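Colleague: Spelled out, the chains give:
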Amino acid sequence: MDKIMNRCFRLSVLLLLLVSSMTVNGQDQKVIEGYVFAAENNSPMEGIKVSAKHIKVKSASTDENGFFKLEVKEPGKTSTLMLIFSYPGYQVKEQYGTVGETMQVHLSRIGDYTADQAVYFPYDVKKQRVLTSAVENVDFSNSSQVLSSNFEQLLDHSSARIISASGAPGEGNVINIRGYSSIFAEAKPLVVIDGQVLGNYRFEETSIDGYFHDPLINIDPRNIEAITILKDAPSAALYGASASNGVILIKTKEAKVGKTEFDINSHYGTNYMNKRIPVIKSSDYIKPYLLEQMYSNGFFMFEDYFIEDPEFNQYYRYNNVSDWQETTFGMGNSAGVNINVRGGDAIAKYFLSGGYLHDEGSVDNTHYNRFNARFNADIDMAEWLTATANMGVTYSNGKLMQQGLSYANPVLTSLVKSPFLAPFLIDSNNVELPLTEDADILGFSNPYEIINSSEVNLSAYNFMGTINFNVQITDHLQGNVRGSSEMNKLNENVFIPNHGFFNNDYPDLNQVRKGISSFSRLSTEFNLVYRNTFSGVHNLSGTGGVRTYSDEIIQDIGTGVGTPSDEFKDLGTTLDDGRTKSGYQFFRKGFNSFLSASYNFREQLFVDLTFSADASSNMGMEATPRINGMPVAFSPAIGLGWDLSRPMGLSYTAFLNYFKVRISGGQMANTSYDPYISKNFYLPRQYYTATGYIKPILENEALQWEKTNKVNLGSDMSFARQKLFVTLDVYYHNTQDLLNSFNKNVTFGNEYWDNEGQVNTLGSELSVRLRAYDSKVFKWHTELRMAQYTSVIAGMDRDLIYDFGAGQKLFSNRQPAGAFYGYEVVGVIASAEDAEQLNLSHSNGSKFKAGDIQFRDQDDNNIIDDVDKVVIGNPAPDFFGGWVNKITLGQFSLVTDISFVVGNDIYNHTRRELESMSGFENQSTATLRRWQIDGQETDMPTAVWGDPMGNSRFSERWIEDGSYIRLKRVTLQVDLKKWLKTSNNSELYITGINLLTLDNYLGYDPEFAYGSSILWEGIDYCKFPQNRSVMVGVKFRL
Amino acid sequence: MKMYFIIIVGFAFTLLSLTSCEDWIEVDQPDVIEQEQAFSDKNSTRLAMLGLYGLMTDLVEPMFLAGEVRADLVTATKSADAYIKEFSNNSFSASNPYISPKPFYTLINNTNDFLHRFEVMQTNQEMDSIEYVQYKSELIAIRVWTQHQIAKIYGTCDYYTQVLTPENSEEVETLPYGTELLEKLLSDIMYCDTTTFTSVYDSEIWNSVRFSDYFVNAIMAELYLDLGEYDLAYEKFEEVTRIGDYESRAAHRFSLSLSLREEVWMEELFLDNWESSRLIDNAIFIIAFDNNYNQSHELFSWTKSLNYQVAPATWYYDYFNEHANANPEKFDYRFLSMQDGDDNIGLNNYYINKYSEDDRPYIVARTARLELLRYYCMNHIEDEDGTYDAYRDLNDIRSRVNAPMIEASFTMFNERDSAMLWLEDRIIEEMAFETGFEGHRWYDLMRIAKRRNDPAYLADKVAQKYPENTREEIRERLMDPENWYIPIFD
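Line by line, the protein sequences are chains B and U.
One point on numbering: in this note's numbering, the residue at position 611 of the first sequence is 611, and numbering is uninterrupted.
One point on numbering: in this note's numbering, the residue at position 453 of the second sequence is 453, and numbering is uninterrupted.
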């Protein structure tokens, strides 16, 4: 094939030469000539097709020296024009050439990171070279075998921060771009898939305790062709006020003309979790501890537990060494298959994909099944009219468990359950009976029963579909009409039996909970896209249009307790007492009009202007500015770029090959927040047998949306014959008019929302991509990404202290945003003498004694109270990033993917449960060094029932360093092309996920997430730890 | 073809842009009631106001804790919640959920909002003026009552009568619990003095709301009392309990003044089916609850459930037993207010028996208490025989519950000043016996301590419920009137 091609090219070169020699004497004839080389080794390339971009020329081809000569018949307007160089397997190169000059052109292979890389951009595919914005083309080519159930893991290969919510199968991720610019408004980035702006609505609470709902898990990573992240103002402002936290643009695989292609991708593997928290396992330790607890409260119960006589008929029942963590964790299988078909002709093209995934978690008896289908089609209905349809449907169901602080959370219960108890009844002859134990009298469920008989089921339906009609109005002007629909429906079914469970609120009753959550969005878009080049060097493009969206959000949850027996699992048979219901329904509507223009001169000087105006139903009608009485949020932005390569005389052979500087700035509005907080409305309030109305919120129709001023300074550089590509960005975000719900004074007995305070974020991002070694047989590519930011609060009249239940977060001027706020710990008071000397007392008057924690008395008044709280930790990392290596040797390649987070603090609530020493919970082995005798020097306080002195209060004790380095993925893949004697991609691979983590964290896993807001950052409420997995898989193309 | 397409799309686009964007973004949320719907017609307006009484249900626990648990008759049991213990110990931490004045201000904000809406409706002639006056009176009375409660509990009150905005909230005055505030409240409530409410209450639900001119008079009477205007207060109390007009209107509603029937007193508080009991006739104002609608308060679980958290103070229980009528033939109904309880709960093996269900109404004002306050005024008015008359009436009311007669010699009333003090002690004692545990004790003690200008009066009384080793400390703290109020943490 290649040979034939080469011959053709040679022939055409000959012909070209012949033709050119015939017209060489023509008056307007100009010639551009030059040499084309392969960028990876600077060797001349033969047979490269050369043509011109904006005028019609007869294309040329290079000879064996890479030489080409292009003749241009142009009525002499300019002597400079853009040439296009293309060759299979290489990135299309566009470069300006001038008559009389001898061009040096270097072509890069597809996949090598260069300034010529095509970046999928709204309404266009642009070269990296022409962008003025902080825009990131996510290169996940090295992770195409990612076995994650959701696409968000692909973003690991970007400067965005991706946090996996937990190890429970089917749970999603939190994506954060450039820190948190808001406290109460939306902090998630906007997601746009195939031009469809997703609502991406996340239900904060479902019927399932601790479950993190992430609608993006419905997007199958195997259907994705490209992802672009828009990080700064001029790029994101195209999407207006929903885009202030950045935009993730996803392009699913395109329909393609040509031979029908079948791709089959299948994997099989195992999930497990082998980290264990050291809890007390021996009765010798736990029983004296329980006695100590009881004596400290002056009572003695549960005598049977403490009878040490084997003749006692319950002896064997209460003298076991159970490792409850082993009961909880096990091995899970994971299997998936995905089939893609694409093909079509000049009129209609299609991409069809179907996939199935079965993923079992490392917590026994949990799994997630997903069936998904995608259909993309392009139909050329007329020369001027193209229709594009992109549709994805997903059905999933999962068997989960309760997470968080639930009595049916197996992970938490397996830690606090006493080890001398057993999952099954044991008779007086030490024979295990086939009957499970009920909850124990200490107040804990039987983890075996949680694993085997709790029913926490979730099924979800998701649809996203968009149809776009593209009209070529003139050569330079296109119009688009788009209609889209998005639906996301969750059905939650929870049944917690009575036998084996300890329900503190309703003792001896089982529990039923049902929930339905539904989000739907209809959206439209009209736009015009203009592109033109004047005089060959003035490139102008622009877009303008209007989008509308209309959302409906509904959630209904019903809970009941006490069905007649554990056989009945419906709400209907629950008791009248204890039934609760909750639910809400609301609409959101909005529109966004946008206008953007990009201009560049000779691809050297770049100017981008973007302007967008938004109005939405969330806004208070008295907010300013207003147009015709309607509030409108503006997002103006500008970006400037200068490619200095030419003025600085940079060339391929110089150390520095390419150098561009960018500066951008603008203001982004954020109008995504609770639709009620500015509104004048009433809620029903029942009084006795009738219902009246009350006003829950004092309306503030003048409530402003948040505005983030963004500045970005960036540079793209390429070094050492394009082997090294470096991108550096420094940014500053200043968010004003923070939505704030705290009350100015008590008089505002009602909730009242106002604008007060700012968040200032200064950050930087660096990415370095290096082709360290690059030969035919051996290749080593490496990529390092690092990002860093600090967010500081300013302009608040009063501190905002956010209470998250177990502790507090502080938002105060000059303090890091969302810092943990609690008590500083000096140590444990060793002796009565020390205690007397310190003379510290609790706010209720009791004195701190020997064995109690010495909290720092910041105001030296000898009373430990609210005034002594200080910042005790910052959940934001100092820096984070990833390091990817790909080593290829012949058909084999090894990809390692390491991610790291450094300097973040975590509140470890699990450990607080295990080291509070105030109840009957089994405790961690660290509590064996607890203070017991006067004068004992230790860091672990004394055990006291009920913790009257608050030794376990929210303090430095529970704040830990959450830094980690994690081998996220390691993949060994074998290219089967050679052996199968095919030109199609076929691979066999083995992948390990999370195999190695280096950290000092005392909980299960330093990576977890509860929500996308800063209010949740760094709070670990005993989520399921991440799985470790080993998978084998194959990829075939037929 | 192409042209058609472009024209159609262009046309659609133009249509879209012509449609008012403002209408597009004005969303009618299904979960809430917009202002227009809330007050769309007579019935819904009337109904809307019921929400305010719903908000009052949030005040029951704080009022009980502040008015009763802080005072001398009640202490926290050993098993009590830490926050309840704080009330019993008169020392508070910021995290105590029951000390926030916010629910009171929420109610005030809502009444101000309703007042504002009704004023607009009245101006737009959407509401007739008789209705308007009735509604306005009711709202003002609720607000004045709430502001008075705030002042009594916190010692200061943010006084405002307008819908709050960030701008005008800066001008809100924080007034101490004193003459200026009380006079403002009185002048506000004067608006209601001539309003007749009765015609409004033609529907069933109003039996539970009980808002009436009696309550307005009761509020006014207590305001006068706080100002030391005993004559005016006396008149107002008398209007509630005695004046003939009322008798004809509310046949036997105030049976206390007609015939001091013994069973009535008992029914007032202890019968379960309170709606059909005479309570409804004796209660001037109640806050109602109904379990069937998931409405309940904590007072039952705090006072009478298996592990009750507050109980009568030991000194008081002993004192009561010593002074109540022990004659088995004539049962002293006041004995019903305390019952023998569980020994395990701690020191107090008897419990408060005034909240027998978790949806029993909370009595804000009832005739017995107003009657006793009337004696209190009578004792202090300029009339020479005032003290003696009060003494006589006090015995009268005591006899209806089979309480023994308080003995006194006629000659002692010749020395009015000493007689006044003596009788004041008897009245406050009877208020404890009759209306104890109903949420007023602290203010009654405070009133006398202020009148006598003797902080020790309150401090001594409250201190006696503590164990001996902490008594002095508490007493010292309460000697400073600043500490009579619950601190406001913001």
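No lab work stands behind these hints: they were computed from the structure.
Each hint should be verified, as a subset may be incorrect.
[Claimed, not checked] Computed footprint of chain U on chain B, listed as stretches where at least three residues anywhere in the stretch have a Cβ under 8 Å from a Cβ of chain U:
#, region
1, 209-220
2, 580-591
3, 611-618
4, 682-690
5, 748-754
All figures in this text were calculated on a predicted structure; none of them were measured in a lab.
Quick reminder that beta carbons are idealized off the backbone N, C-alpha and C, glycines included.
Colleague: Give a verdict on every hint.
Modeller: Structure-based check of all given hints:
no. : hint    : in the structure
1   : 209-220 : violated (count 0)
2   : 580-591 : holds (count 8)
3   : 611-618 : holds (count 3)
4   : 682-690 : holds (count 9)
5   : 748-754 : holds (count 5)
Hint 1 alone, counting from the list given before, is not met by this structure.
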